[in-house]
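Heads up: the sequence lines are chains A and B, in that order.
Taking the UniProt record's numbering, the leading residue of the first sequence gets 1, the next gets one more, and so forth.
Taking the UniProt record's numbering, the leading residue of the second sequence gets 1, the next gets one more, and so forth.
A couple of the hints might just be wrong.
Stated by the list, open to error - Here's a subset of chain B near chain A, in silico, CB distances under 7 Å, partners left out:
(1) F104
(2) S109
(3) N112
(4) A124
(5) S127
(6) S131
Unchecked claim - Label-pair restraints from in silico Cβ distances:
(7) H160(B) to L123(A): 29 to 37 Å
(8) F137(A) to K82(B): 36 to 44 Å
(9) R209(B) to V38(A): 57 to 65 Å
(10) I122(A) to S9(B): 28 to 36 Å
(11) T156(A) to G129(B): 13 to 21 Å
(12) F130(A) to G129(B): 34 to 42 Å
(13) V20(A) to G129(B): 27 to 35 Å
(14) G223(B) to E179(A): 56 to 64 Å
(15) E315(B) to N288(A): 52 to 60 Å
Because the hints were derived from the structure by calculation, they are not lab data.
Positions of the beta carbon are idealized from the N, C-alpha and C atoms, including for glycine.
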Amino acid sequence: MSVESFPAASAAPARANTTVFHRFLRRRMAAVGLALVVLLVLACALGPFLLRHDPLTINMRGRFLLPFSDGHVLGTDEMGRDLLARILDAGRYSLLIGILAMSISVFVGGFVGIVAGFYRGILGHGLMRFVDGMLCFPSIFLLLTLAALTSPGVVTTTIIIGLTAWMSVARLVHSSVQELCQREFIAAARALGLRDWRIMIGELLPNVAAPLCVAATLIVARAILLESYVSYLGYGIQPPVASWGNMLQKAQQYFNSAPWLAILPGLMITIAVAGFNAIGDGLRDALNPRGRPG
Amino acid sequence: MTTPLLDVSDLTVRFSQDRGKVYAVNGVSYSLARGETLAVVGESGSGKSAHVLAMPGLLGTGRYTGAGAAVEVGGSAVFAGKELIGMPEAELRRLRGSRIGFVFQDPMSSLNPVLTVGEQIAEAITSHGVSPRTAEARALDLLDIVGIPEPRRRARHFPHQFSGGMRQRAMIAIGIACEPALLIADEPTTALDVLVQAQIIDLMKDLRRQLGMAMIWITHDMGVVASIADTVQVMYGGRIMERGPVRAVFHDTRSAYTWGLLNSLPDAEMHAPSLAGRRPRLRQIPGQPPDMTQVPVGDPFAPRNRFATHRCLSETPPLQQVADGAPGHLVAAWYDLPQVLRAVAHRDASPQALTEMGT
Numbered sequence: 001m002s003v004e005s006f007p008a009a010s011a012a013p014a015r016a017n018t019t020v021f022h023r024f025l026r027r028r029m030a031a032v033g034l035a036l037v038v039l040l041v042l043a044c045a046l047g048p049f050l051l052r053h054d055p056l057t058i059n060m061r062g063r064f065l066l067p068f069s070d071g072h073v074l075g076t077d078e079m080g081r082d083l084l085a086r087i088l089d090a091g092r093y094s095l096l097i098g099i100l101a102m103s104i105s106v107f108v109g110g111f112v113g114i115v116a117g118f119y120r121g122i123l124g125h126g127l128m129r130f131v132d133g134m135l136c137f138p139s140i141f142l143l144l145t146l147a148a149l150t151s152p153g154v155v156t157t158t159i160i161i162g163l164t165a166w167m168s169v170a171r172l173v174h175s176s177v178q179e180l181c182q183r184e185f186i187a188a189a190r191a192l193g194l195r196d197w198r199i200m201i202g203e204l205l206p207n208v209a210a211p212l213c214v215a216a217t218l219i220v221a222r223a224i225l226l227e228s229y230v231s232y233l234g235y236g237i238q239p240p241v242a243s244w245g246n247m248l249q250k251a252q253q254y255f256n257s258a259p260w261l262a263i264l265p266g267l268m269i270t271i272a273v274a275g276f277n278a279i280g281d282g283l284r285d286a287l288n289p290r291g292r293p294g
Numbered sequence: 001m002t003t004p005l006l007d008v009s010d011l012t013v014r015f016s017q018d019r020g021k022v023y024a025v026n027g028v029s030y031s032l033a034r035g036e037t038l039a040v041v042g043e044s045g046s047g048k049s050a051h052v053l054a055m056p057g058l059l060g061t062g063r064y065t066g067a068g069a070a071v072e073v074g075g076s077a078v079f080a081g082k083e084l085i086g087m088p089e090a091e092l093r094r095l096r097g098s099r100i101g102f103v104f105q106d107p108m109s110s111l112n113p114v115l116t117v118g119e120q121i122a123e124a125i126t127s128h129g130v131s132p133r134t135a136e137a138r139a140l141d142l143l144d145i146v147g148i149p150e151p152r153r154r155a156r157h158f159p160h161q162f163s164g165g166m167r168q169r170a171m172i173a174i175g176i177a178c179e180p181a182l183l184i185a186d187e188p189t190t191a192l193d194v195l196v197q198a199q200i201i202d203l204m205k206d207l208r209r210q211l212g213m214a215m216i217w218i219t220h221d222m223g224v225v226a227s228i229a230d231t232v233q234v235m236y237g238g239r240i241m242e243r244g245p246v247r248a249v250f251h252d253t254r255s256a257y258t259w260g261l262l263n264s265l266p267d268a269e270m271h272a273p274s275l276a277g278r279r280p281r282l283r284q285i286p287g288q289p290p291d292m293t294q295v296p297v298g299d300p301f302a303p304r305n306r307f308a309t310h311r312c313l314s315e316t317p318p319l320q321q322v323a324d325g326a327p328g329h330l331v332a333a334w335y336d337l338p339q340v341l342r343a344v345a346h347r348d349a350s351p352q353a354l355t356e357m358g359t
């Protein structure tokens, strides 16, 4: 039997030897998304060091300056603070919260989902009913209840958002693990004498990695928005420290007179969310070994 | 006589479901010598897979039982001097994959789609305490042993880049990775086309000789049985109906069920137009497989057996040595099949009429 005559085998080498990263970059949207997010992260991380304006310096004589006026590239806000400096500084918190909250919910949700899907029985059902219970609370109220019980700050906000967003991940992972456990390769893994944790980490996790990545990027986007809700209601990131959420919230009362104050943070949220979503889509395809480029 | 590798006695398997119990395996006893190849034959639901998978504690996983079914395994199965039934899961796990290897039916679904073939073979080895580096080298050797060309390149491929036969070769590599004393093959050639089947069977024969391992080959393909097995065991309704050396069972059949199975095989003769211009019909066994949710009474095949007596319906026949048969040829039947067949043949004067009577 000639191996070369088999189409999958002859088409395979080019693909088999490329890494996930290569396959990821071959998708244009994913590459653009990654570029946007990297740019955003670099700008927020390094930008404040390069600007001569401090995000917290108030200048009551230079309020509501239009963009490109008086050395303020994006103008100033209702207290005369430089908008660019504030947006970049706020981005640090918003992105950090988004990414950390995503990590928490992916870790917790992934863990609960895999364990509950793998061990059905009392443990699995118990865990999933707990997830259902948590989902019964509208997440905003859950968020606010938790926020009211803790002192506001970056760390608590991150943890709270992470702990209110993991349920959807758990459900997603749980359902695909349940389906995977019906497949013969899990029986085969048991037949090999693999320990349970090795089946969960070595066999199941790689199979749910693709949906998990997509869910993760959606959660980054959601976490950035959730943070803005929380800030809006007075919890979360406390003024004068800026986050995209609380900037947007402050700006709405000046929307008629100074629309750029709302549009610019909103644009940043949009870019970040869209960028992460594009990364998610790209990862989903790149992580699938059958995925075709383009 | 040396001690057998596997000694099964009165093995029972029950599945408890919402709607009651399923009596899957009802008292199966036999032994398997080192290096012996046993073919277990029977139709779906005959207990052939269930009884074999129950021993290493693999029931209740995957496709073999529905979700939520509780499995009760009774009786005894002694493997290399150790009792498997009731053995703690941790100890069973150490046996699985190292001393008892497995090859599953469907090579499409038995390999993890997102791990490379090399990783999966190496995993079989590292799970029993071998370092990853050694395992990797061994995985390449194994790919070579099972006849996969360019092992170094192929090890980096994912299962979907392999053809069906190649995948089954990879599964076999995983099954023999730790040189088990017993290889359990659950219909390993069923999902393959006939040419590939023959290649896989040849490969398994070679490996059996090289490694000196015993095999339990679960199948419903009589052709496969004839080409690989030393002993054949025909199962029906969770019981052994007939068991013995392949030649004896095939040429001196004593169970009406085995006889029905052998007669239901299509052969080349059937496809040649007969003189009357009419092709004979494919012979089948009339009736339905037994309802396994009932407490078994009598000979399970009796309701479908034209030769059944009243005794068959009420009393379960024991599995006994055939009086005038080859040594080791056992049958569970109250009737004497050769005698019954002679009587019927005499009455109808035509063996063809006999086989068509029931259809």
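So, going through the hints one by one against the coordinates:
no.: 1; hint: F104; verdict: 6 Å, holds
no.: 2; hint: S109; verdict: 4 Å, holds
no.: 3; hint: N112; verdict: 5 Å, holds
no.: 4; hint: A124; verdict: 5 Å, holds
no.: 5; hint: S127; verdict: 5 Å, holds
no.: 6; hint: S131; verdict: 15 Å, violated
no.: 7; hint: H160(B) to L123(A): 29 to 37 Å; verdict: 33 Å, holds
no.: 8; hint: F137(A) to K82(B): 36 to 44 Å; verdict: 53 Å, violated
no.: 9; hint: R209(B) to V38(A): 57 to 65 Å; verdict: 59 Å, holds
no.: 10; hint: I122(A) to S9(B): 28 to 36 Å; verdict: 34 Å, holds
no.: 11; hint: T156(A) to G129(B): 13 to 21 Å; verdict: 45 Å, violated
no.: 12; hint: F130(A) to G129(B): 34 to 42 Å; verdict: 37 Å, holds
no.: 13; hint: V20(A) to G129(B): 27 to 35 Å; verdict: 30 Å, holds
no.: 14; hint: G223(B) to E179(A): 56 to 64 Å; verdict: 35 Å, violated
no.: 15; hint: E315(B) to N288(A): 52 to 60 Å; verdict: 59 Å, holds
Figure legend: structure checked against the earlier numbered hints; hints not met, in rising order: 6, 8, 11, 14.
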